[in-house]
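Order-wise, the sequence lines are chains R and U.
Numbering-wise, the numbering used here comes out as the position in the first sequence, counting from 1, plus 869.
Numbering-wise, the numbering used here comes out as the position in the second sequence, counting from 1, plus 3.
Careful: at least some of the hints might be erroneous.
[Unchecked claim] Label-pair distances were calculated between CB atoms; the ranges are:
hint: 1; chain 1: U; residue 1: L72; chain 2: R; residue 2: H1152; range: 50 to 60 Å
hint: 2; chain 1: U; residue 1: S218; chain 2: R; residue 2: P1098; range: 28 to 38 Å
hint: 3; chain 1: R; residue 1: H1152; chain 2: U; residue 2: S53; range: 55 to 65 Å
hint: 4; chain 1: U; residue 1: L72; chain 2: R; residue 2: M923; range: 11 to 21 Å
hint: 5; chain 1: R; residue 1: P1071; chain 2: U; residue 2: P216; range: 36 to 46 Å
hint: 6; chain 1: R; residue 1: A1326; chain 2: U; residue 2: P216; range: 33 to 43 Å
hint: 7; chain 1: R; residue 1: P1071; chain 2: U; residue 2: S9; range: 53 to 63 Å
hint: 8; chain 1: U; residue 1: I222; chain 2: R; residue 2: T1173; range: 38 to 48 Å
hint: 9; chain 1: R; residue 1: I1167; chain 2: U; residue 2: S218; range: 28 to 38 Å
[Stated by the list, open to error] Straight-line Cα separation of at most 25 Å, DMTMM-like style, residue types lysine to aspartate or glutamate; simulated pairs:
hint: 10; chain 1: U; residue 1: K166; chain 2: R; residue 2: D1065
hint: 11; chain 1: U; residue 1: K176; chain 2: R; residue 2: D1306
hint: 12; chain 1: R; residue 1: K1355; chain 2: U; residue 2: E76
hint: 13; chain 1: R; residue 1: K1239; chain 2: U; residue 2: D122
[To be verified] Stretches of chain U that chain R covers, calculated by requiring three or more beta carbons in the stretch to come under 8 Å of a beta carbon on chain R:
hint: 14; region: 11–22
hint: 15; region: 61–75
hint: 16; region: 140–152
hint: 17; region: 327–337
hint: 18; region: 435–444
Rather than coming from a laboratory, the hints here were simulated on the basis of the structure.
We put the CB at the ideal spot given by N, CA and C, even for glycine.
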Amino acid sequence: MIKHFPVLVIIIPLLLALIAPVAGRINRIYSWVIAFLATLFSFIIAAILLYQVMYSGTISYWMGGWEPPWGIEYVIDYFSAFVLAIVAFLAWLVTIFARKSVAAEIEEKKLPAFYGVYLLFIVGLMGMIVTGDIFNLYVFLEISSLTAYALVAMGKSRRAPLAGFRYLVIGTVGATFILLGIGYLYIATGTLNMADLGARLPGLFNSKLVITAFAFFAIGFSIKIALFPLHTWLPDAYTYAPSAVSALMASTGTKVAAYGFIRILFTVFGVRVFLEQWVSVPHFLIAVSSVAILMGSILAIAQTNIKKMLAYSSISQIGYIILGVALMNPTGLQGGLLHILNHAFMKCALFMSVGCITYKTGITSVADLKGLGFKQPYAMAAFTVAALSMIGIPLTVGFVSKWYLAMGSLENAMWYLIPVILISSILMLVYFWRVIDNIYFKAGKPIAEVEVSDAPASMLIPTVVVAALCLVFGTLAFIPVSITEKAALLLLG
Amino acid sequence: MDVVTSAMPLYAILISLVTVGLVLARPQKPVFREFCTVASAIVKLLIVLSMLPWIRQGAIIKYHLLTVLPGLEIVLRVDALGMVFALTASFLWLATSFYTIGYMRSHYEEDYANDRSVDRFFAFFLIAMASAIGTAFAGNLFTLYIFYEILTLCTYPLVAYDKTPEALYNAQKYLAHLLGTSLLFFLPAIFLTYYYTGTLDFSTSGIMSGNAPDSVLAITFILFIAGIAKAALMPFHAWLPAAMVAPTPVSALLHAVAVVKAGVFTFIRVILFIFGADLLKELNPGYYLAYFAAFTIIAASLIALRQDNLKRRLAYSTISQLSYTILGVALLTPSGVTGSVLHLVIHAFGKITLFFAAGAIYIVTGKTEISQMDGIGKQMPFTMAAFTIASLSMISLPPAGGFISKWYLSMGTIEAGQLALLAVLAISSLLNAAYFLPIVYRAFLKPTLAANGQQVNIAKIKEAPVFMVGALMVTSAAILCFFFEPGVFLDLARMIVAAM
């Protein structure tokens, strides 16, 4: 049984995803119950897998018993176990949050279908993480993308379908680039297994086919992770999606795409080619991600809609992840990997606390939040903690990421990246403090007279838990670091 | 040097945080929160005092709290320098807690019992004290930085307390200066320090020596100086006058003692325990810093002369006086450092007395401008007597404690052979006299005029509530005591110098 865990973590939620809409026809609550059970199950398995990997090293699962590189291989190593645990955990928490939040934002008759698509989205993400086969990765990428388009389009706003459509068009272009890249690599090497590709590609790096394949991967994944300036689908998608979907997508969607990109960079192509032959690639990525870090924050300042502000902030945070990866040294890469965890938690807490506001008041504009800090104390406290974490106050997770990124920059003798990182912190201080000032310190006019109370416990508890974890993993940072340390060394060979 | 492992420094921090819980747990119970605040201030002072014998024997108390990351540890460490700051802060906190009760009761009247924001006011005040003590007892640069940032964040609600647009604007200015500089300059300085030395621990001989090229040392030094804006060295001083919108107890404790002193304390820590006196003497950047401080001393005094608002004049005076401390330690001579440490203490007592007096005047008469204060000494003789003593200390005239620290600072400039800086100290004394003595003169010798120009006879003494007057009498008495018996603080300062 235990040896089948790597595939069960995918299969069980996949089956339940198909059952959920059907069960919802009997009673609508069943579809949520199934989603809850599926994500809980995945989280438990993911936690066990993480424990096993930390204890006994990489787990390789051969689908149907076919030996790789002929069969499809699922690989759970330090890196995939780490990301899988994050995604499964947050998916479970967001599902708890979703019950009331989604019921308030989506028509009742659509609920069973929603939970079916929702589960498929999670399955797609988890599949991308566990697979060791590059074509299988593409399949799961498409599953998560197609469902994501649908989830965005289900938003309450009239602009949601348009945002979903825009995401569909741009996302499909990205996916097509990735598919072409996979095809070219297959032509060049005749294999689709990532480890096998990693063994065969060295020696082919002068081939124009392989260079083109890499360029296609880089563009395709840049679209999927919303790396500036290929981010244009993201702000509208996050803004108009239902609150629970925003929380889930912002915390896991782009992270898993980044996971795929890191896999391509380090497992398929290998770090040596970037350090020895294609040295301009890391430099280019560093330049692009620095621009992303700054532009995301600058654009966030310009926003008045709070969800859009958070969405632009995500663009800047993705820049941090790619910056750490592009430094290509153990410390910097660790910074990037830690930021996958850290940003997932921070953004999840932020979007969920905004979801709590929306649930009770329907407010979307920053200026209307006046005095809300005392009306919804728990949700706003969670928001404040996550916001301070984004700014990078010590003892929060944001500080840990910054520490590793700064040390990684210094190791590469790129001191000029430190001002980039820190100026972005200042910009975050500007736009998050504007919200904090509104919720706590500005005399409330618009809703001060209205009776507003905190959101229901089923929404508040996940929100507060994630926000609290921002502090826990910031204070006891050695816990995630003990995993990312090994993951970074593994990826850098 | 003995190293004692004890959790006492942790308790000194925790006692305030526990009190926060108590205050918030029983909202809108004025007597309860007053009792808790005073009791915790007494316990805190006792805890700090209980560590004093060890320190005077030359021991160091260390407590390892937790490891955040390999290399980034939260460590508490009590040494002579930390003790000086902690003693000052916890003693003045006790005085302030009485004063705050008196001030808040009179100023907010009915709201005092019913408004939950008063509970929060006390809570943030207590957190601020916890982080001030945490700064004093920080065992490495990382721990120091944590408490430094928490101090900024938890004082923001205190500065913005009145929630008027003006209060909010000034609070934002306060935050932008303090958090902005610490993120942009202080933090990269810590990055560089750690990257080149592999540690952030304080060491009496410094940790930088031999670890980093000269150019990096210079950059790190400049980043530290620019990053520690709490010391209000020009041009990063504008937050201090802005913070004067806060209620007076906040201005008194936080912006004459806890926040600004945390700034100069961090300066001393960085100069003596990160760079080390020997390294800096070799490289000589200290004199640049000293002249920078000298500029701030004179410029801030000149601005203070022109302020009519009493609290603003005091704020600029603080900016000027903080730079005395920086100047002293930048000289790196034994007397200079002694003077610097003593000035940290004595200025705290003097300035808190002046702020207490300003708050008492405001509570009794509603007056905030110096030009309105003619003849106020007849009405409030105790307050103004204390004000006079504190003014003498600022000018550094005997029999006030300020004379002692100025003496050592002057000796320091002579030891360093910097007579120009000695002249700066002398001119600054004159300027201090020029902006403090007219207030005393107005208060005691000018007749009070009513709006129509008629002279008003003040027959009755009308003083502030007893908690407020009591507090300022005690602090002004302490200033006099310093002159006759600098005792424990002088001993501690000598220990710091000996360890250099």
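Given a hinted range of 55 to 65 Å, is it respected by the beta-carbon distance of H1152/R and S53/U?
This hint holds: roughly 58 Å between Cβ atoms.
Mind checking the alpha carbons of K1355/R and E76/U for me, to see if they're no more than 25 Å apart?
21 Å, holds
Three residues minimum, CB to CB under 8 Å: does the region 140–152 of chain U make the cut for coverage by chain R? Let me know.
Our answer is that it holds, as 4 residues pass the Cβ test (under 8 Å) against chain R, meeting three.
With 11 to 21 Å as the target window, see if L72/U and M923/R comply at their CB atoms.
At roughly 18 Å between Cβ atoms, M923/R and L72/U fall inside 11 to 21 Å, so the hint holds.
Are the Cα atoms of K176/U and D1306/R separated by 25 Å or less?
This hinted pair holds, its Cα atoms lying about 13 Å apart.
Quick check on a hinted range of 38 to 48 Å for I222/U and T1173/R, using CB atoms only.
About 39 Å separates the Cβ atoms of I222/U and T1173/R, which means 38 to 48 Å holds.
Starting from the hint 33 to 43 Å, judge whether the C-beta atoms of A1326/R and P216/U obey it.
Check failed, 57 Å falls outside 33 to 43 Å.
Verify this for me: three or more residues of the region 61–75 of chain U with a beta carbon less than 8 Å from a beta carbon of chain R.
holds (count 6)
Is the straight-line distance between the alpha-carbon of K1239/R and that of D122/U 25 Å or less?
21 Å, holds
Go ahead and decide if the range 53 to 63 Å is satisfied by the Cβ distance of P1071/R to S9/U.
Hint holds: Cβ distance 58 Å, inside 53 to 63 Å.
Given the hinted pair K166/U and D1065/R, is their Cα-Cα distance within 25 Å?
64 Å, violated
Return holds or violated for the Cβ distance of L72/U and H1152/R against the range 50 to 60 Å.
For L72/U and H1152/R the Cβ distance comes to about 28 Å; the hint is violated.
The structure is inconsistent with the numbered hints 1, 6, 10, 14, 17, 18, although it conforms to all the rest.
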